[in-house]
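S.K.: With chain A's structure known, arrange chain B on it following the hints.
Number of protein chains: 2
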Amino acid sequence: MTLHLERDLLLLKRRLLEASTLAEQAIRRATAALANRDNALARSVIAGDAEIDSREIEVEEEAIRVLAIHQPVATDLRFIAACLKINNDLERIGDLAAKIARRVLDLYSDTTKDPVLPQDLLELADLVINLLRRALDAFARGDVELARKVRMDDDRIDRIHREIFFRMREQMKQCPTLVEPANSMLSVSSSLERIADHVTNIAEDVIYMIGGEIVRHPGHANERGHVD
Amino acid sequence: MTLHLERDLLLLKRRLLEASTLAEQAIRRATAALANRDNALARSVIAGDAEIDSREIEVEEEAIRVLAIHQPVATDLRFIAACLKINNDLERIGDLAAKIARRVLDLYSDTTKDPVLPQDLLELADLVINLLRRALDAFARGDVELARKVRMDDDRIDRIHREIFFRMREQMKQCPTLVEPANSMLSVSSSLERIADHVTNIAEDVIYMIGGEIVRHPGHANERGHVD
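Residue numbers (my numbering), protein chains in the order written: chain A, 1 to 228; chain B, 1 to 228.
These aren't lab readings, by the way, just hints derived from the structure by calculation.
Don't take every hint at face value.
Where chains are identical, the list cannot tell them apart; a pair therefore holds if satisfied intra-copy or between any two copies.
Derived BS3-like pairs (lysine-lysine); straight-line CA-CA distance at most 25 Å [stated by the list, open to error]:
| # | residue 1 | residue 2 |
| --- | --- | --- |
| 1 | Lys149 | Lys13 |
| 2 | Lys13 | Lys85 |
| 3 | Lys173 | Lys113 |
All values reported here derive from a predicted model rather than from experimental measurement.
Chain A with its partners taken away, still in its complex shape (with noise of 0.2 Å):
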């Protein structure tokens, strides 16, 4: 490898973890406005999505840049791929991120309510921006091991929204006026569950980006009683 693509490539995966950086930051900030009931908090996640969607085109122009200058085979080759399906999961992340804020308004705008929050809506958030966390610790150092272990947490997150969908469920057929803010904090719940599955995207690309191991798609959703 020249050093010159050696240097071009140190900078793509710095331009990539800075976007990612702001990812993350999207989703705590997203689930502290859900706990603290902030929502200039949430209002200011909604603002800040238009900064990760021009970092996203801006690592995808980088990484395309890259390949047409220096035209990379093998391990760079994959490298940059994974970077480029990376970058598309964390913009995604930051839109679920900016939909979790929306959801937050929608829950405190009316004063006069006083919607109760499902303690276990925000330990499935801890959990996710936890997987995230190390989803992108195993891109940075390259740990293909914490990558594996990344995929198999993506399990409890499903069941812990599967939880939280029947409640939420039950709860609307007991009380109309739960309707509302039963939907939001649905909405919440899904949210956090796909960007779960945008991070073991993350945590499979890496794999990929290292062994060139193809993981993806294992085994698939049971018919029925999957609330996705």
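M.R.: Chain B only, in chain A's frame:
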């Protein structure tokens, strides 16, 4: 461009179009299952998702192979980058079709119940299928004007989804027995809206592929009243 590269790019395009046929078929079938209360058809959509997943991996491997062998630049490089992204969107469209099929099973597996299907949900499905058809035509023919038109239609789909969302929520408030079916219909509507987002991505990739112009992330959604 060498004949060898030209042949490989054509092959890649053909493979991607084959994968797209499967994804399109999956949505058509999931929608038909919904309209005709056809649980067997819904199950075949769920079972067929594994094939769509395999195709995604094949197309990606092929694209990386072409990159490594020919080290293309400029238009050819953009074409391959666009194929990689469109491939990813097709795989997610397949996942969402399977998700719709799971909701069909939720809706119709209890034959003592007879949920009323909102007419505009089928209308929404038709619009989304038509949009995907046109985006794929734009890709196959390299028709940038058609791709631009596809991007414009996404707003209409968002509007219909929003109408369905608010109507379903009202139904849930009025009648507890409607909570379960209305939740399933809402999930279908939401999946259709997400498919339309992926279709918009495909149209944007076609525009980029042909002109090198990045048109993503136009105007951000409003803070509230957005049900995505």
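S.K.: For each hint, tell me whether it holds in the structure or not.
M.R.: Going down the list of hints, with the structure as the test:
Proximity of Lys149 to Lys13 under the C-alpha cut-off of 25 Å is restricted to the intra-copy arrangement: shortest distance 22 Å within a copy versus 36 Å between copies. Taking the shortest alpha-carbon separations for Lys13 and Lys85, both the intra-copy value of 13 Å and the inter-copy value of 20 Å come in at or below 25 Å. In this homomeric assembly, Lys173 and Lys113 come within 25 Å of each other (Cα to Cα) both inside a single copy, at 19 Å, and across copies, at 16 Å.
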